[in-house]
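Protein chains in written order, with this note's numbering: chain A, 1 to 111; chain B, 1 to 608.
Incorrect hints may have been included.
Said to hold, decoys possible - Quick list of in silico lysine to aspartate or glutamate cross-link-like pairs, EDC-like style, CA-CA up to 20 Å:
| id | chain 1 | residue 1 | chain 2 | residue 2 |
| --- | --- | --- | --- | --- |
| 1 | B | 81 | A | 36 |
| 2 | A | 77 | B | 43 |
| 3 | B | 23 | B | 49 |
To be verified - Just the calculated beta-carbon pair ranges, DEER-fashion:
| id | chain 1 | residue 1 | chain 2 | residue 2 | range |
| --- | --- | --- | --- | --- | --- |
| 4 | A | 108 | B | 81 | 29 to 39 Å |
| 5 | B | 239 | A | 90 | 49 to 59 Å |
| 6 | A | 72 | B | 18 | 20 to 30 Å |
| 7 | A | 7 | B | 46 | 48 to 58 Å |
| 8 | B | 7 | A | 72 | 10 to 20 Å |
| 9 | A | 40 | B | 81 | 53 to 63 Å |
| 10 | A | 105 | B | 81 | 36 to 46 Å |
| 11 | B | 7 | A | 42 | 52 to 62 Å |
Because the hints were derived from the structure by calculation, they are not lab data.
Backbone N, C-alpha and C define an ideal beta-carbon position, used for all residues, glycine too.
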Amino acid sequence: MVNSENTKAQMRKGVLELCILSILSQGDAYPTEIIEKLKETKLVVVEGTLYPLLTRLKNTGLLTYRWEESTSGPPRKYYMLTEIGVTYLKELHLSWYELVDAVNKTINKQD
Amino acid sequence: MNKTVTINISGIIFHIEEDAFDKLSKYLSTIKGYFNKADGGNEIMSDIEARIAEMLQSKTSAVKQVVLMSDVDFVMDAMGKPEEFAGDASDNTGSSDRAESYDAYENGEPIKKRLYRDGDSKVLGGVCSGIGHYFGIDPVWLRIALLLMFFFAGTGLLLYIILWIAIPEAKTTTERLAMKGEKADINNISKAVKEEAEQLKKRMEKYGSEFKNMAARNAPRNSVEKIIDFVGDVLINIGRVLLKIIGVCMVIFGVIFFLGLFGSVFGMSFMTSNVEVQEWIDMVLMDGKDFYFGLFGISLFFGIPIMMIIYAGIKILFKLKYSNRWVNLSAGVLWLFGFVMCLYVGIKTGADFSKEAKVREKIEVKPYDTLILKLNQVPVNLSEVQASTDDHDYYDNEGLKINRHHQDDYMIGKHNGEKYLLGHAHLNIIKSQTDRIEMIIVKESKGNNKNIANERAKNIVYLTNQTDSVIAFDNLFRVGNADKFRAQDVTVILKLPVNKVVYLDKSLLGFIYDVENTTNTYDGDMINRRWMMTEYGLKCIDCDGLNNSYEEEHELPVPPSAPGAPTININDKGVIINEEGIHIDDKKDTKVTIDKHGVHIETDKNKK
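Could you put the whole structure together from the sequences, leaning on the hints where they help?
Shown next, in the form of structure tokens:
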């Protein structure tokens, strides 16, 4: 049995990194904001996925963060792109469009 | 009405219902379990906790202050199942760390299987069910095995008691899980992880700075360090295996020693040679309470160390670090108790050896010129002899023990249910001061005082028997059990007047003991020959073949009634004529010998 859910999850996961970086390129955000934006586009099903990813991106030097006090809750961790992150994102953008083109062409030929 | 718990998530205080709290804390520790080994695990955790705090905050208000089960469910739905997103994290990092942690999870490593007693399904102490869990055996078989071993000198009982003491009971949930070694599901892991995290936290707090230093040092690992680590690991593993082998040996030898001790002390022997130890204890120790004191003392004195060996072996084998101070303490006290009892009985018994007494009995001997001395083998029926220290028994055709090499050995025999001690008597031949042949039986024994020793000596039974010129000596004397073994001994002294001749039969080998003679002939060479008493001691009459005594003993036996060569004895005048020549001894001061060396005349004056 082919599990389509699994394939979909794998696809989402592949582009999640790109999406997070893109969201952050529009302005600093803390995890809840990122999640809300991702949820709008139904890219994230479970929130838990985000945190390990953010930590890993931060550890590889693409992201950094600052603490901001919150009036209503715990202090918020605002993530932002580093310079490396910006260049990395540009590269990803390019390869993403190439990939979409290639995939579209392949799919359309099949049709 | 529900009880609430106050918790702190990311610095925000929540009141949460108890069951909701249980669920949430389980959830959190499960997540922690996944990220424990991943890089930045703590950071991920705090991010997640901050988010949870936010979500919970949105669910509470001034009106609804308490976090409910439904709120926790909402949080868990939003966050997702840990196995979903933790798997993602690991896929992305692609690091080996993740793979390890995942494997560990698969193998249920968080809870290691350990040996505990199962208090939930116990018959006595839960030992069998605990071991059953450990090895995956139905405890019924273990119970049957132990029960069978119980009839084997009570080994089963001993083992059970030792195991009961050595193995801790599974009291906490973690211990119960470890005992059953259940494959880790999320709940199990969360429990294990929680404890681990708590331990780590404590350690971190305690050794915070040291830990940092260590981490810093470990970070830049070079290959040499890795090799050293690898070698170290290998050595540690070899050490562990050796330790296990030692543990197995300790248990096995402990059980064997125990069986030996049990057999010795209680006479329920599985090794035939052990019967005798018990018989000897009975034979040496005094009757009544001293006997039981002695048995008890010996049991404790040797048994406690044996038990401790088995105990230590089991602890090594199952890596039981749990130690009970009372076990060691009471073992020490019991051992000391046994030691004191042994000492008491020992001293008391020893005192019974302190005084010695000798009793002399004169036995009439019908005078003959040549006395033939031989040994009467006391027929010792094999069924009577329960034990013997003699390894060199000979049996004749009728199945009797007929000869023994170790003449100093004592034996224990039984006759009509009465136990008695058998000892070897000895013979000495000396010159009589009178002209009568005398036989004196010296019976020796020891005791607490002279009277008792004397009484014991008198009680020794020893028989000789004369038929015409043949005197037969019993080889064994007999002591009743009531008298106990008190170094009893019997020596027969044959006083022979000058010029009387004795023929020492071959059977006397080992019975004659250090008999003085003019030629300093060794006891073993004195047998099978005729000896005449002279002023200076026994003198051999037919000792020419001494050098080839082997031949003479084995090929040319000379029966006393039909000697190989004619011998003429003229006793009154002290004249002996045989193939050697003529020998004249007037018993006073003159000796004349005519033989191949010529004529030799010896007088007292010459000698002086």
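Violated hints - listed by number, lowest first:
Checked against the structure, the hints that fail are numbers 7, 9 and 11, while the rest are satisfied.
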